[in-house]
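> Chain A is already provided as a structure; the job is to place chain B on it using the hints.
Protein chains in written order, with this note's numbering: chain A, 5 to 266; chain B, -11 to 135.
Heads up, a few of these hints could be off.
[Claimed, not checked] Here are some, though not all, of the chain B residues that point toward chain A, as calculated from beta-carbon distances under 10 Å:
#: 1; residue: Phe2
#: 2; residue: Thr4
#: 3; residue: Asn5
#: 4; residue: Leu10
#: 5; residue: Arg12
#: 6; residue: Arg25
#: 7; residue: Ile42
#: 8; residue: Pro46
#: 9; residue: Lys70
#: 10; residue: Leu81
#: 11; residue: Asp91
#: 12; residue: Leu92
#: 13; residue: Phe93
#: 14; residue: Lys95
Hints listed in this document are in silico derivations from the structure and should not be mistaken for laboratory results.
Note that the structure is a prediction, hence the values are computed from the model and not measured.
Even for Gly, the Cβ is constructed at its ideal location relative to N, Cα and C.
Given next are the chains, with one letter for each unit.
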Amino acid sequence: MISFFSYQNSHKKLHSPLPSSTCSHDECKNLNVTHPCQRKGANCRFSLSLLTKNTSDVTSFHQCRLLHTTLSRRGLEEFFDDPKNWGEEKVKSGASWTCQQLRNKSNEDLHKLWYVLLKERNMLLTLEQEAKRQRLPMPSPERLEKVVDSMDALDKVVQEREDALRLLQTGQEKPRPGAWRRDIFGRIIWHKFKQWPIPWYLNKRYNRKRFFAMPYVERFVRLRIEKQARIKARKISLAQKKEKFLQKKFPHLSEAQKSSAA
Amino acid sequence: YPLYQLGNPQLRVFRTNFFIQLVRPGTAQPEDTVQFRIPMEMTRVDLKNYLERIYSVPVAAVRTRVQHGSSRRRDHRNVRIKQPDYKVAYVQLAHGQTFTFPDLFPKGKQSGGRPTDEDLRDQVLEEQRQRQSPDPRLGGVPGWFGL
Chain A
5 MISFFSYQNS
15 HKKLHSPLPS
25 STCSHDECKN
35 LNVTHPCQRK
45 GANCRFSLSL
55 LTKNTSDVTS
65 FHQCRLLHTT
75 LSRRGLEEFF
85 DDPKNWGEEK
95 VKSGASWTCQ
105 QLRNKSNEDL
115 HKLWYVLLKE
125 RNMLLTLEQE
135 AKRQRLPMPS
145 PERLEKVVDS
155 MDALDKVVQE
165 REDALRLLQT
175 GQEKPRPGAW
185 RRDIFGRIIW
195 HKFKQWPIPW
205 YLNKRYNRKR
215 FFAMPYVERF
225 VRLRIEKQAR
235 IKARKISLAQ
245 KKEKFLQKKF
255 PHLSEAQKSS
265 AA
Chain B
-11 YPLYQLGNPQ
-1 LRVFRTNFFI
9 QLVRPGTAQP
19 EDTVQFRIPM
29 EMTRVDLKNY
39 LERIYSVPVA
49 AVRTRVQHGS
59 SRRRDHRNVR
69 IKQPDYKVAY
79 VQLAHGQTFT
89 FPDLFPKGKQ
99 SGGRPTDEDL
109 RDQVLEEQRQ
119 RQSPDPRLGG
129 VPGWFGL
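The shape of chain A in the complex, shown without the other chains (with noise of 0.2 Å):
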């Protein structure tokens, strides 16, 4: 059973209105987070505008939670785009997120910008999946690259940051423990540890695997040498033979480079 953590705001659409209102804690004891209009005090208005990446979504959200009229209707809505955009075919959208725009942002940020694109993504699987049943094209099916594209960068620089913190503070580089192991081809490989809940020498499994290679296996690590030394050279052979081709039909070229260089 997992349990998930989200921020809890309101995804306001353009054409709702803006209600006045006071945070509701109720909400807010949910997360194991210490909500931000606590130590802002009485005032619990307080917004972030992000950059505007998808002019179809809200471009700043508040997080206190608005006050709520309707229920479950509200919360299944979300899975839907604007009633006005239903029937399109084409819906304006903004660009990506890209790595440096979202390295500048805060953690607290990325994690909400996360939950938006996860909200953003699964409305557009949903109007894909419809579009197919009923034979329809789907409005701007670039939207779903974009927010996937969006979501793996998000991904990528927090790794980043986890990747730096982690080397910071215990000098591990990599999250998961392994260790380079010749397998039973006696190829070298980087083995991933897994997690036991009893130690290596009692684990017949584990026993049963051989990190370790009989003398009759030297001739085909051989062979396999051979063979990528074979590639390599073909390769290499090939540049050389392009960049003769080249020179003989451009002799002018390479001098001028050489000359402008100096």
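For chain B alone, coordinates are given in the frame of chain A:
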């Protein structure tokens, strides 16, 4: 997933990798039932938590089944093509709420912009008739008379 032993704290995921889609039910479902397609690794408890925390949808019950993707299709080389398997979840909403799958492709908007297939077909037939019709100067008289 990391190993779980009795007494361990509950596994918490901070950025989920699960993406779900709401689908239109093929057979008629009760009004409070919503049908989802979820990844194979997700359980009904996971889905309940997902909907309650991220979408704030009160969930009463979830039932899941695995749908086998067809492996019958074959391409031009007679190699079998596999459609991916997926898990279907039937979610019953709490507090007596109902949900009907909306019509995401209403017809009204499309006809105004682009001519429909029927209009194009009528246009093409009319053009053909005009080309095949005889010279109007004859006035209905067959053409094999002189002049």
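> Which constraints among the numbered hints does this structure fail? Numbers only, ascending.
Structure breaks hint 9 only.
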